[in-house]
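S.K.: Mind docking chain E on chain L? Use the hints.
Going down the list, the sequences are from chains L and E. The opening position of the first sequence corresponds to residue 5 in my numbering, with each subsequent residue numbered one higher. The opening position of the second sequence corresponds to residue 30 in my numbering, with each subsequent residue numbered one higher.
If you are wondering where the hints come from, they were derived from the structure by calculation, not from laboratory data. Some hints could be false.
[Said to hold, decoys possible] Here are the simulated EDC-like pairs of lysine to aspartate or glutamate, each with C-alpha atoms no more than 16 Å apart in a straight line: (1) L/Lys-243 x L/Asp-114; (2) L/Lys-328 x E/Glu-104; (3) L/Lys-328 x E/Glu-151; (4) L/Lys-146 x L/Asp-164; (5) L/Lys-203 x L/Asp-188; (6) L/Lys-407 x E/Glu-103; (7) L/Lys-17 x E/Glu-125; (8) L/Lys-203 x L/Asp-176; (9) L/Lys-209 x L/Glu-180.
[Unchecked claim] Quick list of simulated restraints, FRET-style, between CB atoms: (10) L/Asn-310 x E/Lys-162: 29 to 35 Å; (11) L/Phe-299 x E/Thr-124: 22 to 28 Å; (12) E/Val-41 x L/Ile-284: 50 to 56 Å; (13) L/Phe-299 x E/Gly-69: 41 to 47 Å; (14) L/Ile-284 x E/Glu-144: 54 to 60 Å; (15) L/Phe-299 x E/Ser-57: 31 to 37 Å; (16) E/Gln-155 x L/Arg-415: 28 to 34 Å; (17) L/Ala-404 x E/Glu-144: 31 to 37 Å; (18) L/Arg-415 x E/Glu-87: 17 to 23 Å; (19) L/Asn-310 x E/Ser-170: 25 to 31 Å.
[Claimed, not checked] What the simulated footprint calls covered on chain E by chain L, stretch by stretch (three residues with Cβ under 8 Å from a Cβ of chain L suffice, anywhere in the stretch; the number is not a length): (20) 106-119; (21) 124-132; (22) 213-221.
Idealized CB from N, CA, C, for every residue including glycine.
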Amino acid sequence: MLFLATRHLLSRKRQTTLILLGICLGTMVYVIISGLQLGMREFILDRLLNNTPHIKISARDRIIDKEEMTQRFFHNEAAVSWIIPPSGKREELHIQYPQGWFDRLSNNPDVASYTSSLNLNVIISHRDNTYPGNLGGIEPLKQIQVTALEDYMVEGSFLDLTGGGNKLIVGDGVLERLGVRRNDSIKVSTGSGEARPFKIVGVLKLGIKEIDETLMFAALKDVQQLNKTPGRISEIWVKLFDLNRSGELAQAWELLSRETVEGWEESNSNFLQIFTIQDIVRNTITVAILVVAGFGIYNVLSIMINQKRREIAILRSIGYPPRKILWLFLIQGIILGISGAAIGLLLGHLTNMYIETIDIGIQMGPHSTFLISRAPSIYIVGFALAIISSGIASILPAHAASKLTPIDIIRSEV
Amino acid sequence: MGIVAKNLVKNVGDPPTRILHDISLEISRGEMFSISGRSGSGKSTLLYLLSTLDQPSEGSLIIDGRNITDMSIEELHRFRNNNVGFVFQFHYLLTELTALENVLLPARNSGQHLEKTSFAHELFYQFGMENKKDSLPSQLSGGEQQRIAIARALIMNPGYIFADEPTGNLDSKNGLIVMDFLKRINQERGATVVLVTHEREYAAMAQREIYLVDGRLTNEETFIANH
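For reference, chain L alone in the conformation it holds in the complex (with noise of 0.2 Å):
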C-alpha cells in the first residue's frame, strides 16, 4: 500500500507540499520557541539552584501587632481602644535558639549538610564612593559544600575566607562601582557602630547585574563581630539529599517552629509561575499551528477518499480487504506528518543555531547572545506531537474510506 499512497502523493504535488509546510512550520515554531524558553530557564534554573538553598530556614519578623498586645494584657470581653495602638518590632532578625536547629538537622537522614549566616544590609565606601550592599556572614567550607557559588568565582576562592581576618568576597560589578581592585581594603559599616576596614581576597561573577553589584561575603565570625552580635545567625541553608523532598520537609519544620522554614520551590516561586505560563503559551501556540496543519490533513484526505470512490471499489473487488484500505489513506497522513516533522526539525535546528549567533547586548551567562537549549526532549516531543496530530487526522478519514462497500460505490456511480 506505501507503493499507492506515495503515488497519491506525488500526483498532488501542491497539496502535499502545503500539508508538509503546515506540519513542518509547527515543529519549527514548537523547536525555535522551546528552545529559547528553555535555554533561558536552564540559565535561570541554574542560578536559582545554585544561589538558593534546598531549604532555607530564615528568622522570622516579629511585628507587634494591635490585637495580639489586647489579648495579652486584658481579657477577651474587655472593650479595649488604644489611643496610640501599639507598634514596631519586636527584636532584630535573627534566629531564636540555633543550637536546636543544628541538633535537629544533624540528626536528619534527609539532609546532606548545612550551613549558617548572618546576612546584613551594609554601607560600603572607598575614599569617597558609598554604596548599599549585601553583606553574607558565612562559614566557607561548609558552604561550598550546600551551594556552588565556588563555581562562580573569578579570582580567590571561598576558602580564602577561612579563618576570618576581615577578609571579603565581592561580585564583580562591586569593583566596578567603587573603582577598587583585588587586594584593595574597602570600609563596611553596618549604619550603626564604626566602619571597619575589610580586604577583596576573591570576586565573583553569577552574570545577574543586580546581584554582582551589591553582593558581598565574608567569614561569619568578622560579621558577627562588624554588627556587634556574637553567636547571632539569620538564616540556616540545608542542603537535602533529594531535592524534590524540600517542599515537604519545609512544610514540617514549619510547624515545629518559629522560624519561615521555605523549600526552594517556595523561595522560586515567582520564576517557577513564569515557567508555566511560558509552558502554557508554548503549548498553546504549537498545539494551535498542528491543528490547522491537522484539518489540513483531515480536509485533503476526505476529498481525496471521495474523488477516489470508484477506485475504492475497484480495489474491494479485486480483493483489497477493509484495513488495506484503511491503511492506504492512514499512511499518506503518516508519511505527511513524519516527513513534514522531520524538515521542521531541521529547519528548526538551523534556526536556533542561527539564533545563537546573534548579540543581545545583554550579559547572560557567558556570552551577550540568546541563550538556546538543545535538550532532546524538544526534539522528541516535537516530532511526537506532529505525528500525533497529523495521525488523528487521517485516521478519521481513512477509517470511513474503509467503511465504504464497493456495491454501494458502483450503485451510486451509475
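M.R.: Leaving out everything else, chain E in the frame of chain L:
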C-alpha cells in the same frame, strides 16, 4: 464445482424493498453465462451477489464447494483476489498508475507482482498493447482502457470472470473487440464468464442465458414477448 446459488433474496433500503425474489441457479465451471434484463430488473444486483461483492439477504451461495455467506471479510477478499476477476462498465483504472501497474494491482495485493510481471507482458502482447504499458490511463482511448481492465481481471488467472455491461461505454467496434476477448478467455483459459448485458447480440454469444423480469427468473419466450 461451479457456482451454486440457492433461494437468493436481496432486500434494499428501509423499509426493505425486495429487488431479487428467490433465485436459484447453477453455473458450471467453464461456462459462458449471460444475465439479461431491462434496467432495474435486478440483473446487476444478481451479478454482484454471484460475484461475492454483495451479500444476499437470504439464501446461500456456494462457489467451488465453499460457502461464501459464511466467510469472514478477510477470507472473502482473499477469495476474490485469487478466484474472481471483474470487468465493469466503467474501467475503474487508477489514474496515478501506468497501464502495467494497473494490471498488476491484484497481484500486488498478495505480494505476487514480481512473479506476475512476465504474465502481464504476455497479456499486453495478446491484447496488442505492448507499446502502451507505461502509458497512464488518461493517455489511452476508451477501448484501450477497457482492454487494460480486462487484463487486470485476468492477471491472477481467476476461475471466474464477472462482467457488468462491459461494452456499455464503448462504440460497437470496440464493444465487439471486448466481447471477443471475453469469448477467447472462456474458450482458451477455461474461465467461467458471467456477463450482464442488455444487448441481444452479445447475450447470444453466451452458451446459456437467463432472463430477469422485476427480480424474478423467467423463460425466454415471456422475456422476448415482454420486450
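S.K.: Taking the Cβ atom of L/Phe-299 and the Cβ atom of E/Thr-124, is their distance within the range 22 to 28 Å?
M.R.: Given about 26 Å between the Cβ atoms, the range holds.
S.K.: Verify the proposed pairing of L/Lys-203 with L/Asp-188, using a straight-line Cα cut of 16 Å.
M.R.: holds (6 Å)
S.K.: Starting from the range 41 to 47 Å, see whether the pair L/Phe-299 and E/Gly-69 falls in it by beta-carbon distance.
M.R.: holds (42 Å)
S.K.: Decide if the proposed pair is consistent with the structure: L/Lys-146 and L/Asp-164, CA atoms, cutoff 16 Å inclusive.
M.R.: holds (13 Å)
S.K.: Is the distance from the Cβ of L/Phe-299 to the Cβ of E/Ser-57 consistent with 31 to 37 Å?
M.R.: This hint is violated: roughly 55 Å between Cβ atoms.
S.K.: Indicate whether the distance between the beta carbons of L/Asn-310 and E/Ser-170 respects the range 25 to 31 Å.
M.R.: holds (27 Å)
S.K.: When you check the alpha-carbon spacing of L/Lys-243 and L/Asp-114, does it fall within 16 Å?
M.R.: Judged against 16 Å, a Cα distance of about 9 Å means the pair holds.
S.K.: For the pair supplied as a hint, L/Lys-17 and E/Glu-125, is the alpha-carbon distance within the 16 Å limit?
M.R.: holds (12 Å)
S.K.: Within 16 Å, alpha carbon to alpha carbon, are L/Lys-203 and L/Asp-176?
M.R.: holds (14 Å)
S.K.: Does the alpha-carbon distance linking L/Lys-407 and E/Glu-103 stay inside the 16 Å limit?
M.R.: holds (14 Å)
S.K.: Please count how many residues of the stretch 124-132 of chain E have a CB within 8 Å of a CB from chain L and say whether that reaches 3.
M.R.: Three-residue rule met by the stretch 124-132 of chain E, so holds; n is 3.
S.K.: Assuming the hint says 50 to 56 Å, is it satisfied by the Cβ distance from E/Val-41 to L/Ile-284 or not?
M.R.: holds (54 Å)
The structure fails to meet hints 3, 15 and 22 from the earlier list, while all remaining hints are met.
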